[in-house]
Amino acid sequence: MLAAIAQSSPAQTEALTVPPPAKIAAKRGETATVVLPVKVRPGYHVNSNTPLEEYLIPMRLTWDAKPVEEYSVVFPKPAMEKYAFSEKPLSVFTHDFSIETHLKVPASATPGLIMALGKFRYQACTDKLCLPPKTVEIRLPIEIR
Amino acid sequence: MKRFCGAVLTITAAALIAASCGPTTTQAKHEVKPLASRKKAPEFQLKDADGKVVKLSDYKGKIVLLNFWATWCGPCKIEIPWFIDFETKYRDQGFAVIGVAMDDDGWEVVRPYIRDKNVNYRTLLGDETVAQSYGGVDSLPTSFVLDREGRIASVHVGLVSKSEYQNDIEKLLEQAPRAGDAGGNRPIVARAD
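Residue numbers (the working numbering), protein chains in the order written: chain A, 1 to 145; chain B, 1 to 193.
So here's chain A without its partners, still in its complex pose (with noise of 0.2 Å):
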C-alpha cells in the first residue's frame, strides 16, 4: 500500500539515506564483516530494531539466503526519546548511525565477483507526522577469493 521499495541512492527527499555500500574482499567459507552508514534526516526520527510499543514498526536489514550462507545484524544502542504523541518514551534513533552486519561467505562459493542483496526496512516520523514504512534494496558487491 503506502509501502515501497527502492534501491539505495541517496535523496534528500527521504527521512533516511543509506549510501550503496563500497565492494568488499572475502575468503570463501569466512564472515566479512560490513558496516552501513544511516543518515538521518534532521526533525526525523526512526523506530529503532527494538520498538517499545507493538504498534510501531521495528527497523529492520536482512540479507537474501544466497549467496550468503549466514548473518547476523548488530543496531547501535537506540536513543530513548519522549513525543507528544507518546505516553512513554520510545526506542528510537534520532541522528546519522551505523549499522554493522556479518555475512558468511559459503566454502563452496566460486571466486569472483558476486552480489549480495538485503532489504533495509525503516519507519520514520518527525513529531507531528509520518512517513509510510519503506523498505530500500542494498546491494553489497562481495569480490570471493
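You may find that some hints are simply not true.
Claimed, not checked - Listed next, the in silico SDA-like pairs over lysine to any residue satisfying Cα-Cα at most 20 Å (straight line):
(1) Lys162/B / Asp127/A
(2) Lys134/A / Thr129/B
(3) Lys82/A / Ser161/B
(4) Lys119/A / Asp105/B
(5) Lys134/A / Gly158/B
(6) Lys119/A / Asp96/A
(7) Lys134/A / Gly136/B
(8) Lys88/A / Tyr113/B
(9) Lys134/A / Asp105/B
(10) Lys134/A / Gly106/B
(11) Lys88/A / Ile78/B
(12) Lys47/B / Ser57/B
(13) Lys134/A / Asp138/B
(14) Lys134/A / Gln132/B
(15) Lys82/A / Val160/B
(16) Lys55/B / Pro42/B
(17) Lys77/A / Val40/A
(18) Lys23/A / Pro141/A
(19) Lys82/A / Ile78/B
(20) Lys104/A / Met115/A
(21) Lys60/B / Asp105/B
(22) Lys88/A / Ile80/B
(23) Lys104/A / Val40/A
(24) Lys117/B / Phe85/A
(25) Lys66/A / Arg28/A
(26) Lys117/B / Thr88/B
(27) Lys39/B / Leu56/B
(28) Lys162/B / Ser86/A
(29) Lys23/A / Ser72/A
(30) Lys27/A / Asp64/A
(31) Lys117/B / Tyr55/A
(32) Lys23/A / Val35/A
(33) Lys40/B / Gly136/B
(34) Lys39/A / Met80/A
(35) Lys60/B / Gly158/B
Because the hints were derived from the structure by calculation, they are not lab data.
Starting from the structure of chain A, add chain B where the hints point.
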C-alpha cells in the same frame, strides 16, 4: 520508463491536489477555503470492517472529516479521541468522520486497533489508488474536511490542534445547516463566503 512516468504522474497528482486544496502544512495558517475555490473530493469505493462497500458519494449532504491514518502512526493516535468526540457531538447535525486506514497488514491490525480505541465512526481500509487520487497522502495523518456538496473545504497534513478541526466543522455547519435544522426544511445549499 513506465516507473518514471508513474513517478511523474504521482508528483503531478500531488501537486494538483496541493494546489487545489490550499495550505497543506502544519505551519500554514489554516482556514476553511472560500466556496468558489473548493474542488470536488475524488470519489472512492472502499470496504469497511464488515466488508461492506462504502462510497464517498454515500455521504453527500453531510459534512465529512476524511482522515487518512495508520496504526503505526503515533500522531494519528492523538487525533482519534478528538474524532470520536466530533462524531458524537455533530452526528445529529449531518456530520460524519470517515477513517481510512493505510495499513499494509489490513484488517488484521486495524480491526483490533479501532476496537481497542472504541472508534465510533466508520473506518475503511485504504489503498494506493485512493491515496493517489488524494495527492499521494505521503504523510500521515492527512485529513480532508468536506462540505455538504462533497467539496474539499480544508486540508490538514500532520498533527494539528483539535480546535482547528473544530473550527472547520463549525464553520461548515454554520454555512450550511442540515435541512430541517434551525433554518427549516430547506434544500442543502452551501452559502458563498
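Mind listing which of the numbered hints don't hold for this structure, in increasing order? 21, 23, 35
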